[in-house]
Each structure stands twice: as C-alpha cells, then as structure tokens.
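Colleague: Dock chains B, C and D against chain A, hints included.
Below are the chains, spelled out letter by letter.
Protein chains: 4
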Amino acid sequence: MADLDIYKSQGFGNLSGFGRAPALLIVDFTNGFNDPAQFGGGNIADAIARTAGLLSAARAALLPIVFTRVVYANDGSDHGVFCLKAPALRGLTESALSSQIVPELEPAPGEHVIRKTQPSAFFGTSLAGWLVGKGADTIIVTGCTTSGCVRASVIDAMSYNFRVIVASDGVGDRAMGPHEANLFDIGQKYADLLTCEEIEAHLNALQPAIA
Amino acid sequence: MADLDIYKSQGFGNLSGFGRAPALLIVDFTNGFNDPAQFGGGNIADAIARTAGLLSAARAALLPIVFTRVVYANDGSDHGVFCLKAPALRGLTESALSSQIVPELEPAPGEHVIRKTQPSAFFGTSLAGWLVGKGADTIIVTGCTTSGCVRASVIDAMSYNFRVIVASDGVGDRAMGPHEANLFDIGQKYADLLTCEEIEAHLNALQPAIA
Amino acid sequence: MADLDIYKSQGFGNLSGFGRAPALLIVDFTNGFNDPAQFGGGNIADAIARTAGLLSAARAALLPIVFTRVVYANDGSDHGVFCLKAPALRGLTESALSSQIVPELEPAPGEHVIRKTQPSAFFGTSLAGWLVGKGADTIIVTGCTTSGCVRASVIDAMSYNFRVIVASDGVGDRAMGPHEANLFDIGQKYADLLTCEEIEAHLNALQPAIA
Amino acid sequence: MADLDIYKSQGFGNLSGFGRAPALLIVDFTNGFNDPAQFGGGNIADAIARTAGLLSAARAALLPIVFTRVVYANDGSDHGVFCLKAPALRGLTESALSSQIVPELEPAPGEHVIRKTQPSAFFGTSLAGWLVGKGADTIIVTGCTTSGCVRASVIDAMSYNFRVIVASDGVGDRAMGPHEANLFDIGQKYADLLTCEEIEAHLNALQPAIA
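Residue numbers (this note's numbering), protein chains in the order written: chain A, 1 to 211; chain B, 1 to 211; chain C, 1 to 211; chain D, 1 to 211.
No lab work stands behind these hints, which were simulated from the structure alone. All the pointers check out, no bait thrown in.
In this list, chains with the same sequence are indistinguishable; a pair is considered to hold if it fits within one copy or across any two.
Lysine to any residue pairs mimicking SDA-like chemistry, simulated, CA-CA at most 20 Å apart: (1) 134 <-> 18; (2) 134 <-> 86; (3) 134 <-> 87; (4) 134 <-> 90; (5) 134 <-> 21; (6) 134 <-> 20.
Here chain A stands alone, though its shape is the one from the complex (with noise of 0.2 Å):
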C-alpha cells in the first residue's frame, strides 16, 4: 500500500480549517537562511517572494503579525546541544547581518519579533501568550526551514489547539526531500495546507467585517 493509501486509511488527512481570528507567523526568514552559502538554498528565495505577498494581505486585513530570528548570545553563554549538532547557529547573534529579518520582509512597528534558540517559535518564548492577548485561534505560518523550524512551531501551534494553516508555497528549505516529506506529515497530521493565494482570498474575504 502507498504512504499515503496507509494514511487515508487509518483516518488521517483531514481539515481543521480556519478558526474566526487567523494571525500571521513568519518562522526565520532572516538573511542567514536566504543564503545557500550559510543555511538557505532550495526554494527559500521563492517562499519569501511569495510570502511577501501575503503579508501584504495581512496587513490589510489587520492580522496580528509575528516574526521569529535565531539569536544567540554573543559570548555563547546560551548555547546547547543544538549548537552541538550544527555548530554554524553560533554565528546568529543580536547584531549579525545573517540573524536579520530579510529586507522584503521587514516588520513594521507593532509586529512583534520573537527571538528564540530552538527550532520551535514557542519553545521558550512568548508567543502562546501573545497569540493568546491577540485573541488568536488560527495561525497561519510561512518562514523556513519546512523540516526545521516550521515544522517544530506548527506542531506547538497545533498542540496548543490553536488551528494551523501552512503555506505550501511560502514555506521553504534547502533541499527539496525533506521539504516534500515534511509537507506530507504537516497536511497529514498538523495543519492545513493552502497556497498564499488561497490564503490572501480567505484574508481579503475577512477584510471587511474587520474593517
């Protein structure tokens, strides 16, 4: 039987669906990740164009919005096993350009920016409960990398019962295996998957009850 016949047939694959209160989480789109030289690669340039056509929408729509960088200390005081198993993140520190958001995606004053040192954006930052102030109950996530880090926050994400949609298209990573693989699991057990276009005609819709 195929991967995915096993899957339908114990039940898996299903919607969750958008809640009434969707926010955007933009998981690691810095500089350092947009560079094949350093962690980027794949379709991470591409994801990004895509994404920022989405947070236009979201703008528009008066999301709640979130970034997340990976930053860590500059005299390595906060480094752990991680850092043991790609000893490259130390360079990610508060000032470096590679732990800098990416120019096309420059947050705007009131977005809030989470700095964390582990693959999920929840783990061992502030983010449950800001989603929580926000009012949140749906989180739609672009950013990078699919097996990495998108992959930790969307399992937090959906683990804290907020509702998740993954932006096929606005996900990214350096080799295309693993992003396809993850894909899979991420649709199969986590979220949604939609692409940025199907997402910004869910955001224009909500524009004016909003507004």
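Modeller: Quick look at chains B, C and D alone, frame taken from chain A:
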C-alpha cells in the same frame, strides 16, 4: 547537490553524544499503534521487539524509565485540533485496549507512565520535570511513530538541552517513506542515531559504575 | 508609608477587566482540601459553598468549565520536590477519597478535569491549550488554597495573557494570614478581585448574548 | 491555632535540601527595582548588598550563574495583561537605564542574562533548558521582589523538580508585609530558606571538590 551533501556543507549532522546520566523514553508503544488496522503497520512490530531488548538493558543499568500513552477523556472534554486532523484518536481512552502499553513492554513498578493528548511526550505533561528530578542529562528514545510522536518528542527533548539518542531500529512507523525521511531530519539536526545493539553496549558498559 | 500606599504610588493595582469569553477554573476543591485534618480548614468550606452558586451561574451562561485535582501515582513514580516539602501530598492518588472533587461541585459530563502534581493548574498540564481550544480570553478562578495552587495558577493564567478574575470569597485557605496576604498580592499585580455575587451578575448579563 | 501551627500539623515546612549541582539565579535586580521612586524601596538595597557577597562565592565555586531583566519592546508590541495591572512596567525597555542590572552585580562574560516579560524567570524563557544544559539540580535564588518575580520563579523552579534554596536576606521587596508573608509561603511549601552567609558556607565547602 544531493540533500545529504547540502546538510554536510552547511555543517549539520554532528554528534551530540551521550552525557553522564541517560534515561529511557518509550513513546506510544500501545496496542492501537501495533495494530495495522488502527494506527500501526510498517516496522512497528519489529521496533517493539528491538525495544524489548533495550528495555532489559536499561533496567539492568538502573536507568530511569518512562513510557507514554495517548489517552483522551471518555466524554470528549479534551478533544482538540489533533482530533480534527485524525478523528480516530478519540478512541484512545483510559480503559480502551488500544491505549494500553503492549504486553511485551509492560511497565514495572516505579517506571513512570505519562498520559498525553498531543504529539510530544513533553507537551502538557510532567516529563521535563520528571527527568530533572531523576538527574537525567541524556534521553534514549524508542517508540512510534517516527514521523509523529517520536519526532515531536525528540525536538522537545533537545530543546530542553537533553542530549538525545534515537534508537534507529527501536522506532517505528506505519509507512516507511515518512520513517526514513524523519530519521534523516532527526539525525541531521536533533539527535544521534544508534541501533538498539549499540545503545545496549553503551549501557552495559555503564553498569559497573552505577552498581 | 503603608504597604498599600507604596503599591499605589508605584502604579500597581489597576484593573485588567473581563474580556469577551470567560471560562471557569475551580482549583483543587477536593475532599482532602476540605478536611481540616488533612489540608483543609480556615474558610475553605465557605469558599466551596460560594463556588457552588458561581458554578451554577457559569453553567447557565454556558462557560467552559475546568476542575483540577492533585493526583500522584500509586507507586510513587512521580514524586518530586513538592513531596519532599509536604510529604502528605503522596496520599492523593487516583482513587483516594481525598483527591476526589467535593460532592457539592461534582463535574458534569463535558466539564474538563485536569490531574496535576504541581501547584499551578497550568504546569505540566493541558490547561493552556484547552482554554485556547475553547476560545477563552478570561479565566474566573475559585478554589484552594489561596496561598498555594490558586496563587500559582493565577500567575500562569496572567502570564499566558488571559484576563483573570479571582473570586475573593470563592477561594479559600487553611490559614487566614496567608489567605489575606495572597489576595493582596493577586489584586495588586495579577488579577481583579470580585465576589462570587459580582461575578454571577456579570455572567447573568452575558447569558442572552450567548443563548 | 496560629498559622504556623496549622502548617506544621498538616506536614508542611520540611526541608528539600541541596542537591549535588547548584546554580545561582538572580531575579530582576535592575536599577528600576532599586529605585524607590520606580519599583524599589523596602529592603531591596540591602538584599542587593548581600547578593554581591553571594555572587562572589558562587563565582569562586564555579556555579552556573543567570540573571533576569524585565524587558518590553519599544513599540509596545509585547504588552499584555501584566502591563494593564502595572502600566509602569512598559518603561522597562532594552536600553532603559531602569532595566539594566545594578552595577554592584554586573554580569561577567559567560554568565547568562535572560529577558522576560512575566513574573516567573521560567515563563516564556529558555531558563529551564539552560539549567538542564548546565546539569544543575539545585537553584539558589536571590532577587526581587520576594512577593512578585522571586515567588513566581521559585514555584516554577520547584515544579521542574529543581531543589530550591531562597536566600532569605538576598531577596527584597518594596513593602515588608508582602516580603514576610511570601517568605512564609515559600519556606512552608516550595523552598528552603537560608541566609546568604549560610549558603556561602555551603558553596565554600563545595569548592575543593569542583576545582
């Protein structure tokens, strides 16, 4: 460039190694996940058989041992988004045969059994504190599924800065594509992959020091 | 300067108010905490009586309702530091009479009961995610003890950015000094203090809007 | 019966003791909390002076050392319910003088500084994982305020099953009533109370073993 070469060139895939004080975490090896008609199939039965040997070695080495089960309330009061994506999970109630740990791995008195409703063994559970209380610095992980609750638990274990060793033949999945893809991600970024036999050799070498 | 004046001069003690969607949290009103020979005494019996009225109002207003119980494993596998400070807690096992919710407040089907081993109702439990899943933005808190599990739960509820309303006569403690001191801290920094009657009036006013 | 007698008769107030590997946590000793015109007053200046000695002993004994600061975003993007209860907190931004650690306790390179927005040093921060990474099993706590961020941090530290030692003269509060009341609660239920001098004696005795 092949996926693995990309990861290698960017500095992933290093070893984090064993610490001084390992614990054993066995994720969701319950009857329902060992039944191909429910959530099982693939290499799960094999992984359970391998885990039986590892469990014996862990007991001989006096490791702290913890199991997880997925358990939802009979009245549905704790159903959330995960149950929308995979509605069959709702049948995993306290007394359901499907949510009991498989007989081959029956927990002994003093071994901890954690009930959970989300993928990660850490999310919404006492696991992190339990491991701190036991003085563990390393988590050996077996269980199922590799692409689901094992993967999620491994990310959280590493995020808490435990060193993580995943038993590559002690974790199982209903479908082999996701199994392999997730072992790749785990080995590159979150944990070291060793066979049960290799882990047992490490534990056997520890024994004299502890006893 | 009196304590209250210091807090006033530094800008503490403001109201955070009700949000749009309250939930009711009833902390540890179990037989053992209503028995002066175990963990009870003081004004706990009175607080239970007041909570019965509030619970009726919450049910009539269709609020999400959640109870907590302290439950430790029969075999002691989850005893930790809290059990060193207060060893009598070890008797609160799944089937012990002392850890059952008091008959006056028996949970109805669909009302969620959370087992916990630490002071806060949020620590190592699914409570935060359960509240997100219910769309709650405000937590009304009753239970015991004011200086223990209520205080700890209130801090976490506020830290997750839920607005918190503590029922000043629906929370109880074995000793009145700590009860009063903790109500002071809570009111100055974490939550609004209202009587059960005041909260019931608020809930009664909500009813038409929901029904 | 006096409050203390009630606690004694119910089995509270036992010691949890030191473990093998202590770390030092210094909570919110920043300029704003050492200024009676802002959040300071009471015995906070004294507690800072005592902590300076303890910090020296901790450095000599090579303990992992971590400080916390309250830091909110300049643009208010992370203000939540705590800022409704105490609006003056909003002034504690990254570069504000009030949120810098007091000169007497300036962190040395490699000592970890955690930014937080909630009372507990653990909530929404990397502290738990940082302590696991350091192999700590015991947390020595000083800082301010006793009735606020110290109390909240102590509860979480114990909930994670770290043994907790609170420096009774190294913690301070703007008002002495809440200071004393919270020391009572902490000593009865969550941590052992020792003076800085007693803790220093313990650390000095550790030194030869570590060096």
